[in-house]
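Please take these sequences and the hints and turn them into a complete structure.
Listed below are the residues making up each chain.
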Amino acid sequence: MIGLLSGCRLFRMLLVLSEDHKEHLAFLPKVEPAVVREFGRIALEFIRRGASPKIYEGAARKLGVPVEMVQHGVEGLMFLMTESSKHMISEVDFLDSVLVLGFGEELNQILLQLYLQHHSQIRSILSQLPSNLPAYHSLEWRLDVQLASRSVREQVIPMLTMHLLLTKGSDSISRVLQTDPRTLLHLISTLEAALASMKTSHARRILRNIK
Amino acid sequence: MELSESVQRGLQSLADPSSFDQSSFQVLVDVSFRSLLSSKGDPAVLDQPELKQIDQILLKQCHTAATTFILEAVKQNADKSTISSCLEELTFSAERIEIFYSTHQKHKKELECLLASIGRRPAQINDVSWRLQYHMKNAQVDKVNEPFYSISLKSENEGSSEDINFTCTMEQLQDLVGKLKDAAKSVEKASQM
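As you go down the protein sequences, you meet chains F and Z in turn.
Mapping to our numbering: the first sequence position 177 is 178, numbers consecutive.
Mapping to our numbering: the second sequence position 100 is 509, numbers consecutive.
Hints listed in this document are in silico derivations from the structure and should not be mistaken for laboratory results.
Among these hints, one or two may not hold up.
Said to hold, decoys possible - Listed below are several chain F residues computed to face chain Z (Cβ distance under 7 Å; list not exhaustive): (1) 144; (2) 150; (3) 153; (4) 154; (5) 155; (6) 161; (7) 167; (8) 177; (9) 182; (10) 188; (11) 189; (12) 192.
Unchecked claim - In silico lysine-lysine, DSS-like type, Cα no more than 27 Å apart, as pairs: (13) Z:484 to Z:449; (14) F:200 to Z:590; (15) Z:469 to Z:518; (16) Z:449 to Z:515; (17) Z:594 to F:200; (18) Z:518 to Z:489; (19) Z:588 to F:200; (20) Z:563 to F:200; (21) Z:546 to F:212; (22) F:23 to Z:552; (23) F:212 to Z:552.
The structure displayed is predicted, hence computed values, not measured ones.
Note that beta-carbon positions come from the ideal geometry of N, C-alpha and C, so glycine has one too.
The following block contains the structure:
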């Protein structure tokens, strides 16, 4: 990827398409615009749900072309869409990037429309991928008083039982934890300090200036 | 309090002045409490000068009976009258009952804590640490530019500690803190009942 930084405002992001990639997409001008749109629809469906080889075979038969050609065309479209969405490239930069493919104006516009209509959806799909860190989902709690145990028969121990739900990618992690009232107050004051740290001038300065 | 036959027999021997005179009785009572409270088993716990003349097998039986009785009393939270009537039935003199009971009162709280810590329960949270970070980009998506928190809950379960790590946004952390505050409010209300 080439990004040209000139000054602090102008930032051009042009996609560099490899030779293979260009070759795969070279199939597109050879078919009707309606077919390109259909391939675009298939490419997006595949980004959403994963690829399905049967679709390639069906389309190849209808068009009378080898299956690889259809597959490469769709995959090339998928890659074009995901890379553009990943870098959030502007309309102008997108058009300039596809210029190198030497397609006609109509085809370029079809590709641009495909990008503009779907890039935020594609971005949100992409952002769900790198979740190898467990993320907070929810917390349920209840207050119990322990009255007895196997080793002690008369007790009055207040305890807070919590059910913490985390998500990790597509899995969920569930933990049952307990704490006592004093530790609970300590947890609250520590985490309130954490929230306050977002409001310091230092944090605000960073958040404002890195965009 | 229900006591097994061997415990009853051991206590009866302990009550008998011909087996244990006043000073050796006091020493055995102290030693029994101490051996329950020490963190390491001490094989020399019965090697006290006052206990040297007593038959060693009898000594061990009485020590076992005494410690069993002590644990049962603490477990059941037995009051003075329960302990007294129990020991009276086992031929303890009023004086010996008093010595036993006052030593029991001295160590009761500590023994209660010890017993309460035995048993299975969910991991106990004892601390939390946090970091505020700014997510700029990752392998799949560029220009993310979002702040996020990394939270680490320190918990302990039966001696082994475990860290539960997770990330959350500011809104999620506010949700979490809000729920914890609700819990704290309900604890306060319950304590006023």
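These are the hints, each one checked on the structure:
| no. | hint | result |
| --- | --- | --- |
| 1 | 144 | 5 Å, holds |
| 2 | 150 | 5 Å, holds |
| 3 | 153 | 5 Å, holds |
| 4 | 154 | 5 Å, holds |
| 5 | 155 | 4 Å, holds |
| 6 | 161 | 6 Å, holds |
| 7 | 167 | 5 Å, holds |
| 8 | 177 | 5 Å, holds |
| 9 | 182 | 5 Å, holds |
| 10 | 188 | 5 Å, holds |
| 11 | 189 | 5 Å, holds |
| 12 | 192 | 5 Å, holds |
| 13 | Z:484 to Z:449 | 21 Å, holds |
| 14 | F:200 to Z:590 | 21 Å, holds |
| 15 | Z:469 to Z:518 | 26 Å, holds |
| 16 | Z:449 to Z:515 | 20 Å, holds |
| 17 | Z:594 to F:200 | 26 Å, holds |
| 18 | Z:518 to Z:489 | 15 Å, holds |
| 19 | Z:588 to F:200 | 21 Å, holds |
| 20 | Z:563 to F:200 | 26 Å, holds |
| 21 | Z:546 to F:212 | 11 Å, holds |
| 22 | F:23 to Z:552 | 26 Å, holds |
| 23 | F:212 to Z:552 | 7 Å, holds |
In summary, this structure violates none of the numbered hints.
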